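Once you have looked at the hints, place chain B on chain A.
As given, the protein sequences belong to chains A and B, one line each in that order.
The first sequence begins at 2 in the working numbering and counts up one residue at a time.
The second sequence begins at 383 in the working numbering and counts up one residue at a time.
Hints listed in this document are in silico derivations from the structure and should not be mistaken for laboratory results.
Among the hints, a few may not be true.
To be verified - Some chain B residues close to chain A (C-beta under 7 angstroms, calculated; not the full set):
no.	residue
1	Ser585
2	Leu591
3	Lys766
Predicted model, so just to flag it, every value in this text is computed and none were measured.
Every residue gets a Cβ at the ideal spot worked out from N, C-alpha and C, and that includes glycine.
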Amino acid sequence: MDSTILAILLQDGVVNGAIYALLALSLVLVFAVTRVIYVAQGEFVAYGALTYAALDGGHLPGSVALLGVLGLAGCAAGLWQARGRLDRPAVLRLLGETIVLPAVIAVAAIILAPMKPGVLVEVLLTLAIVTPMSPLLYRIAFQPLADAPVLVLLIAAVALHLTLTGLGLVFFGPEGFRAPAFSDITITAGPLMIPGQALWIGGLTFALMTALFAFFERSLTGKALRATAVNRLGARLVGIPTERAGLIAFALAGFIGALSGVLIVPLTTVYYDSGFMIGLRGFTAAIIGGLGSYPGAVLAALLVGVAESFSSFWASAFKEVIVFTAIIPVLLWRSLRHGPAEEEE
Amino acid sequence: MNRIRLAAAAITFGLAGPACPSTALADTIRVGVTISTTGPAASLGVPQRNTIALLPTQIAGQTVEYTVLDDGADSTRAVANMRKLIEEGKADIILGTSTTPASLAMITVAAEAKVPMVSMSASAAIIAPMDAARRWVFKVPQNDSLMADAIATHMAAAGVKTVAFIGFNDAYGDGWSKEFTRAASDNKISIVASERFARPDTSVTGQVLKMIAAKPDAVLIAGSGTPAALPQKTLHERGYTGKYYQTHGVANNDFLRVGGKDVEGTVLPAGPILVAAQLPDSNPIKAKALDYTAKYEATNGVGSVATFGGHAYDAAILFAAAVPDALKSGKPGSPEFRAGLRDAMEAQKNLVMTHGIATMTAENHNGFDERARVMVTIQNGAWKLLP
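Next up, chain A with everything else stripped away, as it sits in the complex (with noise of 0.2 angstroms):
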């Protein structure tokens, strides 16, 4: 190995690390705020890989249909829930989420699929498509068992996961989709080659991040986040709705996963089921960082990142194992140091 081979190596694992480290954090921020495991995470980056294919492509992808579904079940789902002491300003504002917004976006993407609008007003209508569905999944699957153990909430999150996978068939098709990168652009640096893509994805993963940090040190929403994920009872008690805290952080990984499979789309096929290994990915780099550190689970999805594009070298017949093996020795050491987890409450 030369310097040469070493730098486009570090290269590429940065690149494949930025994708791992945002969803890193939005499995760290849905499981600090709802003490939810977010499995299905995977899920939308398939997703929002093969909508932005299909808008790419000129047609009008699945999602919308499922979309339209989804907001009806969150519907249901919300008026069983909030049974007996409903109020007109409260079913309005659920009618006007499940209803009325997925409605609008489903008539703003039948309008404009056909027209191949560009790449920017494609990936604006994707990422409007894909992230509503996070927070109705919320309101379906996981408001009613807030309440319910980590374990509890960890199998649901399994079973939406098969879910998700089963619906993707069929909204997708079982065929994989590829899209062309944002722009042609390479930069060439000494022996370095840097794709367009690539500067595309390390662009934007830094610039969500900041608009991140910024969300949870400024705004009053993202410090109910934090209080909330803090310590729920305490958030309930001086007045923080936890329930849209809920909502604000699955709408966040929502979004997060769809812009990642926007990101990579040009890079592989993604086909319906695909999400699944790369949410893992993620997951693996959340789990190093300690499930509970925004720098930590970012700084270990790069360390994954680079892994893998090292191993992908030297053994590629055993990449995926070195790359989830490295999870072994992180627990070992963290649970000598810090003794066994306990549940809270």
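Just chain B now, with coordinates in the frame of chain A:
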């Protein structure tokens, strides 16, 4: 429950017919189909399921009823489906399944129940070495060895001495690695790098750097479907200028769409159905393959045909060809009829299918020869038959 009763209309007709309804029902030939319409092999299973819908409901004057179950490429489910089809559905023959591991698991059930089965997956291990259990098992796709030999011969003729191999990190890649290593040594070609990648990988830069460092005359990429385009795109990006070979796993139009100009000039072996229209008229496969393509596209849209669906059609051709002789052995639903089906399938000579011409023997339950593969290249975004 993914149960499709295609012959529902035919049965109703049989029940309402003037003759005694019970005899009409007893004469129905029941075909059990288990394929992977969901899961990782769904891109194989879906065109296969669509093909089953096109099959005739009358063969040799008998009503044929198809029951399709999905196994999600899971061996356990495939075996459970097969038992269900045989015990509850009283199937006379089993068509399926789409993947090799699941097909291998089904062999014992076929032998136990003495019901013939026709697999639609590629590995030669399904029918070789021939033994008491595999007597009941037939396989319609070409053996990997046939395809590997074709590639190695083409490489040798093109003056290739060194090859870098990159394949899927699963049964497909491993099978190809083994077959190609053998075929390459037969043709005095040395393999200078052997790498693996996984279907959802977003980057193969590490593997590609290692392959380029070995300076091969050609690379062989053993992947199926559109993910096989990724190593080729990365090799291009990194400035590799040698020859590219792919396997028949990429022979569908999605690969062309995804690969774009980076896959121009790639050489691969494929079933003749892929370039049916370019075959000479003297080739009997041409008419068969074009007929299937027309039927498939009439219901599923222009350009929708995939070579994988052709395997399901071939399985049905083999079954249909065996029915007349089998009827002489016994009535449908009887053990004699099932044994008769098996014997009649084994006795097929020069049976024209969409993927080749099969001559079965007691030892060879695939029966394909060189006529079952053509060398194809990609030219201007389309498949082109090589002479």
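Hints versus structure:
1. Residue-level restraint check for B/Ser585 holds (minimum Cβ-Cβ distance to chain A is 5 angstroms; threshold 7 angstroms).
2. Proximity of B/Leu591 to chain A holds as hinted, the smallest CB-CB distance being about 5 angstroms (cut-off 7 angstroms).
3. For B/Lys766, the interface hint is violated, since its Cβ never comes within 7 angstroms of a Cβ in chain A; the closest pair sits about 23 angstroms apart.
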